[in-house]
Amino acid sequence: MAATRTGLASLAVALATLAAPGAWAASSGFSASIDRAAAAPDQPFVYRVTLTTSQEQPENFRPPDFRGLRVLGGPFMQTGMSMVMGGGGTKVENNITWSYQLSVPAGTKGPVPIGAAHVRVGSQELTSNSVTVRIGAAAPPPAQQRGPGFFPRGLFGDEPEAEEQPLSSQAGTAFLRAVADKKRAYVGEQVTVSWYLYLSEPQSNFTPITQPKSDGFWTEEIPSTNPQGRLAFTEKEEGGQHFQVAVVLQRALFPLAPGKLNVTPMEAEVSRADFFGRPVRARRLKSDPLPIEAVALPHEGQPQNFPAANVGHFTLDVAVDRAAVAVGDAVTLTVTVRGDGNVRNVALPALPTLPGWKGYEPKTSVSVESGATVQGTKTLEWLIRPEQPGNTTIPALTFVSFDPTAKRYVEVQSKPIELVVSGEAKGAVIGPPTAAGAPGAGAASVITTEIRPIRVRATPSRSSGASFLRGAGFKATLVTPPLAFVAFVFAGRMRDRLSRDERRTSRRRLRSIARRRLHAAAAHRDAGRAGAFYVEIERVLRDALSEKLRVPVGGLRLDELAALLGARGLPADEVTRVRGVLEACDEARFSPGGEAAGKPAQDAMLERAAALIDTIEKAPLAPGGQA
Amino acid sequence: MKRRAGVNRAAGVLGLAAVLLVVGQGRARADRVDEAWRRGNEAYLHGDYAGAVAAYQEVNRQGPASADVAFNLGDAYFHKGELGPSIWAFERALALDPNDDDARYNLDKARKLSARRAHDRIEGDDKDPAWMRLVAGVAPSTTTWLFVALYLGFFAALIGRRWARSEWLTAGAAVLAAGALLTGVLLAGRVHLDRIPFGVLLPDEIAVKEGADTNYRTSFDAHAGLRVRIVDQDQDWLRVRLANGLEGWVRTQDVGRI
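First to last, the protein sequences are chains S and C. If you read the first sequence in the numbering used here, its first letter stands for residue 1, the second for the next number, and so on. If you read the second sequence in the numbering used here, its first letter stands for residue 628, the second for the next number, and so on.
Among the hints, erroneous ones may be present.
[To be verified] Here are some chain C residues the structure puts well away from chain S; computed CB gaps all over 10 Å:
{"#": "1", "residue": "G639"}
{"#": "2", "residue": "A694"}
{"#": "3", "residue": "A805"}
{"#": "4", "residue": "E837"}
[As the list claims (entries may be wrong)] Derived, one-sided and incomplete: chain C residues facing chain S with beta-carbon distance under 7 Å:
{"#": "5", "residue": "D661"}
{"#": "6", "residue": "Q689"}
{"#": "7", "residue": "S693"}
{"#": "8", "residue": "V696"}
{"#": "9", "residue": "Y732"}
{"#": "10", "residue": "N733"}
{"#": "11", "residue": "T771"}
{"#": "12", "residue": "F782"}
{"#": "13", "residue": "L785"}
{"#": "14", "residue": "L869"}
Keep in mind that the hints were calculated from the coordinates and are not lab data. Note that the coordinates shown come from a computational prediction; the quantities given were computed from them, not determined experimentally. For each residue, glycine too, the CB sits at the ideal point set by N, CA and C.
Take the sequences, apply the hints, and build the full model.
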């Protein structure tokens, strides 16, 4: 952006030079001008001095002494370059302009001359012409005084369209102004000084450089009312010009001694921001010094040793925290002064001597509210302690201040305070009666303050939780339950797995027994041994049941066996089937030669037994104890 | 076989003897603690505050942390005229038992007295963050035992639930888990708080230095009983931070750790 501006400037300079052949004559000139013929008091105007040279860079520029004028800003330096064709060649020239924003202070009479500026170019010392500022009505600068058109309009911010907008010749004006609410004040009286920033066009940055000094004053900063990080501007018309005005600083000053006092100028810088947010076109601003006359307080009616800070409007309040005390007990006497003025330095009345009482160093506290008028509270807390019984009166305390509005001394008085002291006279400090308990170094100032007595139980309480928390027991407590839980879960799973394995083994054994016995039964059938066949069937059935129930059932009667099976959860119809097969076997064994001796009956029995064993094997029977 | 049985019997006897020794030592220590406690109380009641301080400190060295001992020690220091150590002791009592109203009352009295005697203008009271106030508001014993009970209960319920799948046990386990979590957070806060080194300035007047040496300039003056946070240590010097943000160096012996 800056490069673009420089390029535009160069182009403008070149065009202006080409359009004005007469510029040859000024090619090595050093001339000064102002942007108007006459300036009204307090009306900003621009003074500029321009060097045109084809030689080396200039050195040691010295502006004129702007005596009798107020410098609002500057110097602002602008450089440019031009190519001049003619004379059989092209010549390159540098143009450098220094400009200042000035104003004529109010009350100035007659024209104000501005002397010559000086600069060194190579070995040559150049001196500019002098110019004179006439005092007159605010007027736009004449067209011929606006320079040869070296710079594009608005590049400086102070060269707008003068012809179209007469007042805008001052556009781009910025200055600082210090204003006191009074120029003459009593010693100790508040003077509020405000520093205002005036801007005729918006700026991006405001940076204070030098804070004003106010030697000879007690200073209280007045909190800014500006929003955080920016200035709050208001519109203001002044000298026919429109400004944005913001308060940049406010202070309450209290003269400490009579005489002519001076508040030094404030210096600050304003600038705009370029596209990238960098400050450009910075201007340094400086306020005027501010003289203030401090007047001595009137002698008439002034008490002896009157403290100079007791100026303002104050009230007095005196109170005690208890009216009845025991000997050795402490009483707090609070003396409070409230009002507006230099509260921080106000001298409070001294505590009168109280016979039989001991006083200690008071504690001071100040609370200041720094508004437009500084006001607040100053409090002294005296700790006093009776050393003997009886009644005591704290006499009325008197506070004298000077009222600058009424211009007279004002006296306020508190009411006397009665104190009743009970008990017996005793030593000044609490301390043990024995040598072993001699009080420590600090005991001399310890007041008898009631504290709650010691505990005399047989054994002291123990913060077992705190000890446990720091010990290894707590860590063990943290770790053990999860470990126990994991172990429990693991053990359960292992047990389940073992149990499953056991069932599988049992089933395998049951099948093996069944297979072996059924083969034996088939062999008996084929050999025509019906009795042996049924004995084998009964045995296979009882062995299968014994294996399944994990209880020997060989000696059980049928009704006992049926009851056991029922108790273990075998369905009733299956129990009936078991009973039926066993009864059939008994019947066949003890009634030989019947139908059961035939092969078909034995085949059927073999099938029934095999099916029943299969059912028993698959039946989910509950585990149990002895039959 | 007989030999093995003999070895087992000897091991059993030795184990029993060890247990009896430990128990006996514990009992003996408890007796010494109680004796020192009684001695401290006797000394205090007879106005021998220095003797009381010595006895209470002996209890502190030997016995477990006790709010009672810290409280009595604070009283003894107070009457001995040593407000800094007195405030430190009351702070300890409160740290052990935040509900100790007596300790709070006496601490307040000692603080006010110390502030009145001070020439500096440093305010001692600070406002801890909310979490610190919450954690410090419950006695460590309460938090610890409550957490342990809920924690053990939770795992017992979990184990029981595997034994008998009951909805009541499931709900109970959930409630216990929530309680254990809550008290666990509180307990974690307590442990964290215990690790933050707080202390109390002990001397009546103390010049807080800019560096860890007496040759450094005095940064500011402070008074007894101000609660500080210890932020650094350099040999015998501690860098302390006051509630108002002021920082400086003091000797280690001038700070009582809470």
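Structure-based check of each hint:
1. A cut-off of 10 Å between C-beta atoms confirms that G639 (chain C) is not in contact with chain S; the least separation is 24 Å.
2. Its beta-carbon lying about 6 Å from the closest one in chain S, A694 (chain C) breaks the requirement of being farther than 10 Å from that chain.
3. Its beta-carbon lying about 16 Å from the closest one in chain S, A805 (chain C) satisfies the requirement of being farther than 10 Å from that chain.
4. At the 10 Å boundary, the C-beta of E837 (chain C) stays outside the reach of chain S, the nearest C-beta of that chain being 26 Å off.
5. The restraint placing D661 (chain C) at the interface with chain S holds, with a minimum CB-CB distance near 5 Å, inside the 7 Å limit.
6. Of the supplied interface hints, the one on Q689 (chain C) is violated, with its beta-carbon coming no nearer than about 11 Å to a beta-carbon of chain S, more than 7 Å.
7. Below 7 Å, beta-carbon pairs count as interface contacts, and S693 (chain C) has one with chain S at about 4 Å; its hint therefore holds.
8. Using the Cβ-Cβ criterion of 7 Å, the hint placing V696 (chain C) at the interface with chain S is satisfied: the shortest such distance is roughly 5 Å.
9. For Y732 (chain C), the interface hint holds, since its Cβ comes within 7 Å of a Cβ in chain S; the closest pair sits about 6 Å apart.
10. Restraint check, N733 (chain C) versus chain S: the minimum CB separation of about 4 Å is within 7 Å; hint holds.
11. Nearest Cβ of chain S to the Cβ of T771 (chain C): about 4 Å, under the 7 Å cut. The hint holds.
12. The closest approach between the C-beta of F782 (chain C) and any C-beta of chain S is roughly 4 Å, which is under the 7 Å cut-off, so the hint is satisfied.
13. With a cut of 7 Å, the hint placing L785 (chain C) at the interface with chain S holds, because the nearest CB-to-CB distance is about 6 Å.
14. Because the closest C-beta pair between L869 (chain C) and chain S is about 18 Å apart, greater than 7 Å, the hint is violated.
The earlier numbered hints that this structure contradicts are 2, 6 and 14.
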